[in-house]
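Please build the complex by placing chain B on the supplied structure of chain A, with the hints as guidance.
Just so you know, the sequences run in chain order A and B. If you read the first sequence in this note's numbering, its first letter stands for residue 819, the second for the next number, and so on. If you read the second sequence in this note's numbering, its first letter stands for residue 4, the second for the next number, and so on.
Among these hints, one or two may not hold up.
As the list claims (entries may be wrong) - Chain A regions said to be covered by chain B (calculated; three or more residues, Cβ under 8 Å):
1. 845-855
2. 1036-1046
3. 1102-1111
4. 1143-1151
These are calculated hints, taken from the structure and not from any lab test. Idealized CB from N, CA, C, for every residue including glycine.
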Amino acid sequence: MLNTLTLKQALDKLARNECNLAEIYADTQKQVEATTDLNIYLTMNEGAVTEAQSQAGQPLGGLPVAVKDNFSTKGIRTTASSTVLDTFVPQYDATVTKRIKLAGGVVLGKTNMDAWAHGSSTETSQYGRTLNPRNPEHLPGGSSGGSAAAVAADTCIIAIGSETAGSIRQPSAWCGTVGLKPTYGRVSRYGVVAMASSTDSPGPIGKTVEDTAILLNHIAGQDPYDGTTSPRSVEDFTLALNQDIKGMKIGMIYFDKPELSPLKAIYEKELKVLEELGAHVEFAQARDPRQSIGVYTVVQRAEVSSNLGRYDGIRYGNDRSFFGEEAKRRIMLGTFTLSKGYSDQYYMLAQKVRTLFLQDFARLFEKYDVLVAPTAPGYAKKIGASDGSAMFGELEDMLLEPSSIAGLPGINVPVFRDGKTNLYLGLDIIAPMWQESKMIQVADAFEKNTNWNPWRNGAQK
Amino acid sequence: MLAATFAETLQVVEELKKVDVSGVEPTFQVTGLENVMREDVVDVDRMFSQDEALTNATASHNGYFVVPQIINQD
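Extracted from the complex, chain A is given alone in its bound form (with noise of 0.2 Å):
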């Protein structure tokens, strides 16, 4: 079973000649059809097989790459999971496919997501919603749902996702994976269907730590395209990895919530671990996450507002009357938001929380190397969890909007795994801006001294 290879695995296992494309591409095509129930894919790159036989011996090893439908692939079907786009096939690539084809990455597929971005359940699909691998009757969590259950039910070697307030990091809680949400402007948002612009951030979903680092070398970096990328030089991730956290200090925010009271115990016991690395842990104080909501649906909506105003239907697509529900609905409350008379009152002041935000976290950071906190405030929520509630993404990633405001980067690594209904509850390290490194050194130390990572050897299953 090659397909549940991890990339670095895979990667050695090609160098070695101890197994061939042709051997892993015949696993993995198996695994996709043996899951097709899931609905993770939504549309398949036919010529996957012989674009890897032509990227053999490149740094991603012409091995499969499996993509969330908001990123442009030449020659692919985009749709974002909206039927807007059911016809689009775009002529051009994002940067990220790009870069992903330029290190020998092929894109196994389109995976699925929730229509445009809108939502953390993948309900909003309108090709349907995605089940969960670690628990069909439960959601794979949103917007990247496709990514995260595709990486979970092994039907890729590693994934791409983006995260705009939790997109990357809450799936990656609830289907038992690693996401990474670079900093902000570290990857380049061209050519991905835009949806809250001051925010967007494409990244890894991986099995592993070391997974998404090799991932985020070849992503990362200024990108001509997309003025809000750094110009600033990107270090090698992976540099970061099997470093000693001896001395860190690290910052447990949102425990005093009393809806994670019942997650509490676990977390302070699994975090444990850090303390015997040598790590100085503490709880700390952060601002009221509750804050960050109101802030982000103002932003976020009236960012969609401005982005989906270009699907016409005239140069490519489906005309407007193809949107769904949570698409018209977030077009007109940001609409309602930018209005005269009310942007003072929603808008401005939206973007004046945000700011008490980043000045909470530069506080913060002033005292700890990096954060930690759950990555969801809770399990994977069964089907059916999200209709009727407008408010229900929202809701769910409460505790990682604080720090996608801030465009500050974050890791989910799995930290535990419920033994009756197989589901994760996930970590999240958060980092100051630009300090990758910092979570993934101490993300990768987590999960090299536990056993809850589903691809260890040993993991507690």
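Quick look at chain B alone, frame taken from chain A:
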């Protein structure tokens, strides 16, 4: 249905009004970058031929996009 969910959403947003923001500047973006320019040169990687540009159009005529009529429509 939509009206009810608007109210639900705005209720959450109303919470912001309890926050003291006197003297606080708004944050519209977090990178600190300003007026990012690029060289004024033709980038052939980003050029479409007319045929390519029209590949996704619902309707085209003589190399143009066809736009639905929206005025004087009886």
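Here's how the hints hold up against the structure:
1. 845-855: With 0 residues in contact (Cβ-Cβ under 8 Å with chain B), the coverage given for the segment 845-855 of chain A is violated.
2. 1036-1046: Held - the segment 1036-1046 of chain A has 4 residues with a Cβ nearer than 8 Å to chain B, which meets the minimum of three.
3. 1102-1111: holds (count 3)
4. 1143-1151: That given contact holds, which follows from 5 residues of the segment 1143-1151 of chain A lying within Cβ reach (below 8 Å) of chain B.
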